[in-house]
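Input sequences plus hints: build the corresponding full structure.
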Amino acid sequence: QKEVEQNSGPLSVPEGAIASLNCTYSDRGSQSFFWYRQYSGKSPELIMSIYSNGDKEDGRFTAQLNKASQYVSLLIRDSQPSDSATYLCAVRPSSASKIIFGSGTRLSIRP
Amino acid sequence: GAVVSQHPSRVICKSGTSVKIECRSLDFQATTMFWYRQFPKKSLMLMATSNEGSKATYEQGVEKDKFLINHASLTLSTLTVTSAHPEDSSFYICSARDQLAGSTDTQYFGPGTRLTVL
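Sequence lines, in order, name chains A and B. Residue numbers for the first sequence, in this note's numbering: 1 to 111. Residue numbers for the second sequence, in this note's numbering: 112 to 229.
Incorrect hints may have been included.
Okay, derived cross-link-like pairs now, EDC-like style, lysine to aspartate or glutamate, Cα gap no bigger than 16 angstroms in a straight line [as the list claims (entries may be wrong)]: (1) K98/A / E163/B; (2) K98/A / D209/B; (3) K175/B / D199/B; (4) K67/A / E5/A; (5) K2/A / D27/A; (6) K67/A / E3/A; (7) K98/A / D27/A; (8) K177/B / E198/B; (9) K153/B / E5/A; (10) K98/A / E3/A; (11) K98/A / D216/B; (12) K153/B / E198/B; (13) K125/B / E198/B; (14) K98/A / E170/B; (15) K67/A / D27/A.
No wet-lab data here; the hints were simulated from the structure.
This is the structure in structure tokens:
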């Protein structure tokens, strides 16, 4: 079992709709969770970080964390073509300093 | 958010030469920096963790004599690809961890360096 799992996609969503990206992790003691966006040919940029159960909203983005289910998700409201990118879920396990990245979900917003 | 810079952004070199890539945290101190490699349409692959003032920790399968890492200060880490070969051509990305008290302990990425070895 991979430490951080994501569906590779591509996930195709119509413009203006809600895009839902999901991620599961294996280390139950993990405390820090991150979502990064990576455009083709560019490095990842941080979108959201979340540390406690529940929802965290920032503009059109909402991160959701459920530690009991070991599940973290990212919702993008009012999806725009500029949101088309690969979204990386990242988790910092309790006992390590390095972040473990998922393989990423490719999101495509169709006009 | 915090800013991490990398230099150069793009380098083309001949096979057998060595290439040095610099990674700097511009507005925060980073005791820990990370070096990743990414091939086209593939996932990020962690190569090594760079700790200020000590030896880097390399991931399994990464040759430490091939990829030399130096983290001489709290804001600078360097990766040297020694005797580069075409198979070393890749996108190299550094990341720095903001560990100041009260910060979110987040990892920020540099813009990456695209290495092409002819």
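Exercise for the section: Assess, step by step, whether the Cα of K98/A is no farther than 16 angstroms from the Cα of E163/B, and give holds or violated. Expected result: This hinted pair holds, its Cα atoms lying about 15 angstroms apart.
Exercise for the section: Please work out if K98/A and E3/A have their alpha carbons no farther apart than 16 angstroms. Expected result: Status holds; Cα separation ~13 angstroms.
Exercise for the section: Sort out whether E198/B lies within 16 angstroms of K153/B, counting only the CA atoms. Expected result: holds, 15 angstroms
Exercise for the section: Below or equal to 16 angstroms on CA atoms is what counts here, so check K98/A against E170/B. Expected result: holds, 11 angstroms
Handout entry: 16 angstroms Cα cutoff - pair K177/B, E198/B
Key = holds, 12 angstroms
Practice task
Decide if the proposed pair is consistent with the structure: K98/A and D216/B, CA atoms, cutoff 16 angstroms inclusive.
Solution key: With Cα atoms ~11 angstroms apart, K98/A and D216/B stay inside 16 angstroms; holds.
Handout entry: Pairwise hint evaluation, E3/A against K67/A, where the allowed Cα distance is 16 angstroms at most
Key = holds, 14 angstroms
Problem - Satisfaction of hint between E198/B and K125/B, Cα-Cα up to 16 angstroms - result: At roughly 12 angstroms apart (the allowed maximum being 16 angstroms), E198/B and K125/B satisfy the hint.
Problem - Pair hint outcome, K153/B versus E5/A [Cα-Cα no greater than 16 angstroms] - result: holds, 15 angstroms
Problem - Satisfaction of hint between D27/A and K2/A, Cα-Cα up to 16 angstroms - result: Between K2/A and D27/A the Cα gap is close to 10 angstroms, so the pair holds against 16 angstroms.
Exercise for the section: Below or equal to 16 angstroms on CA atoms is what counts here, so check K67/A against E5/A. Expected result: holds, 15 angstroms
Problem - K67/A paired with D27/A [C-alpha distance capped at 16 angstroms] - result: holds, 10 angstroms
Checked against the numbered hints given earlier, the structure satisfies every one of them.
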